[in-house]
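Starting from the structure of chain B, add chain F where the hints point.
Listed in order, the protein sequences are those of chains B and F. Okay, so the first sequence: first residue is 1 according to this note's numbering, each after it adds one. Okay, so the second sequence: first residue is 116 according to this note's numbering, each after it adds one.
Hints in this document: simulated from the structure, not taken from any laboratory. From a predicted model like this one, the values you see are computed outputs, not experimental measurements. Please note that a few of the clues may not be correct.
Sample of chain F residues at the chain B side, in silico, Cβ under 7 Å [claimed, not checked]: (1) Tyr149; (2) Gly158; (3) Pro159; (4) Tyr161; (5) His164; (6) Phe215.
Glycine included, every Cβ here is placed at the ideal spot set by N, Cα and C.
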Amino acid sequence: DAGITQSPRHKVTETGTPVTLRCHQTENHRYMYWYRQDPGHGLRLIHYSYGVKDTDKGEVSDGYSVSRSKTEDFLLTLESATSSQTSVYFCAISESQGAYHQPQHFGDGTRLSIL
Amino acid sequence: DAKTTQPPSMDCAEGRAANLPCNHSTISGNEYVYWYRQIHSQGPQYIIHGLKNNETNEMASLIITEDRKSSTLILPHATLRDTAVYYCIGKGTSYDKVIFGPGTSLSVIP
Numbered sequence: 001d002a003g004i005t006q007s008p009r010h011k012v013t014e015t016g017t018p019v020t021l022r023c024h025q026t027e028n029h030r031y032m033y034w035y036r037q038d039p040g041h042g043l044r045l046i047h048y049s050y051g052v053k054d055t056d057k058g059e060v061s062d063g064y065s066v067s068r069s070k071t072e073d074f075l076l077t078l079e080s081a082t083s084s085q086t087s088v089y090f091c092a093i094s095e096s097q098g099a100y101h102q103p104q105h106f107g108d109g110t111r112l113s114i115l
Numbered sequence: 116d117a118k119t120t121q122p123p124s125m126d127c128a129e130g131r132a133a134n135l136p137c138n139h140s141t142i143s144g145n146e147y148v149y150w151y152r153q154i155h156s157q158g159p160q161y162i163i164h165g166l167k168n169n170e171t172n173e174m175a176s177l178i179i180t181e182d183r184k185s186s187t188l189i190l191p192h193a194t195l196r197d198t199a200v201y202y203c204i205g206k207g208t209s210y211d212k213v214i215f216g217p218g219t220s221l222s223v224i225p
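The following block holds chain B by itself, in its conformation from the complex (with noise of 0.2 Å):
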């Protein structure tokens, strides 16, 4: 399995509150995603990077941003929280070097909940 780790795993909280997603990889992949999946609406990309601080907006971007300062961390920011935030947040990375359609390989998912 690819070496992906999403920290937390859960979190619970306050409507206002800034929270920050870390993805971590171990496989020195160029590309890194952050989707969110929520009933009835399927995988849905906020952000994704494209390097080392080169990242660009997704389908569903409004309230959220991300910080790439090094390879292998990719943030995820809300920062203020709503309750349509509540979701589960993947993270995903890919290849490239000229291996051109590599698959995106995820994470185990966070699960947040804002009340």
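This is chain F only, laid out in the frame that chain B set:
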């Protein structure tokens, strides 16, 4: 990315082959077909992918029709641990987002 269509659910007897179909009639020439699965409350797991030739690995086989408009994922000897939601995805370059549709919920029955 290509739009894919899968049946919402399927059953398969334990020990038998599970054949999961996927239609991807809008797939473009440079898009690969990927299959993932998600076991309840776990992260999606990559299974296999292919462009136009049939592919096989330790988990499954992928059969792609000659016109590339559909494919079939084959789990040769389904076990109870194969019960999961299976997603078929058409995708281009590696950094493209992976668009997961509703998938097929496979139940392997003892």
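Cross-check of the supplied hints:
The restraint placing tyrosine 149(F) at the interface with chain B holds, with a minimum CB-CB distance near 6 Å, inside the 7 Å limit. Below 7 Å, beta-carbon pairs count as interface contacts, and glycine 158(F) has one with chain B at about 4 Å; its hint therefore holds. With a least beta-carbon distance of about 5 Å to chain B, the hint placing proline 159(F) at the interface is held under the 7 Å criterion. Contact between tyrosine 161(F) and chain B, as hinted, is supported at the beta carbon level, the nearest pair being about 4 Å apart and thus within 7 Å.
Of the supplied interface hints, the one on histidine 164(F) holds, with its beta-carbon coming within about 6 Å of a beta-carbon of chain B, less than 7 Å. Here the hint on phenylalanine 215(F) is kept, as its CB sits about 4 Å from the closest CB of chain B, short of 7 Å.
This entry satisfies every hint, going by the numbered hints stated previously.
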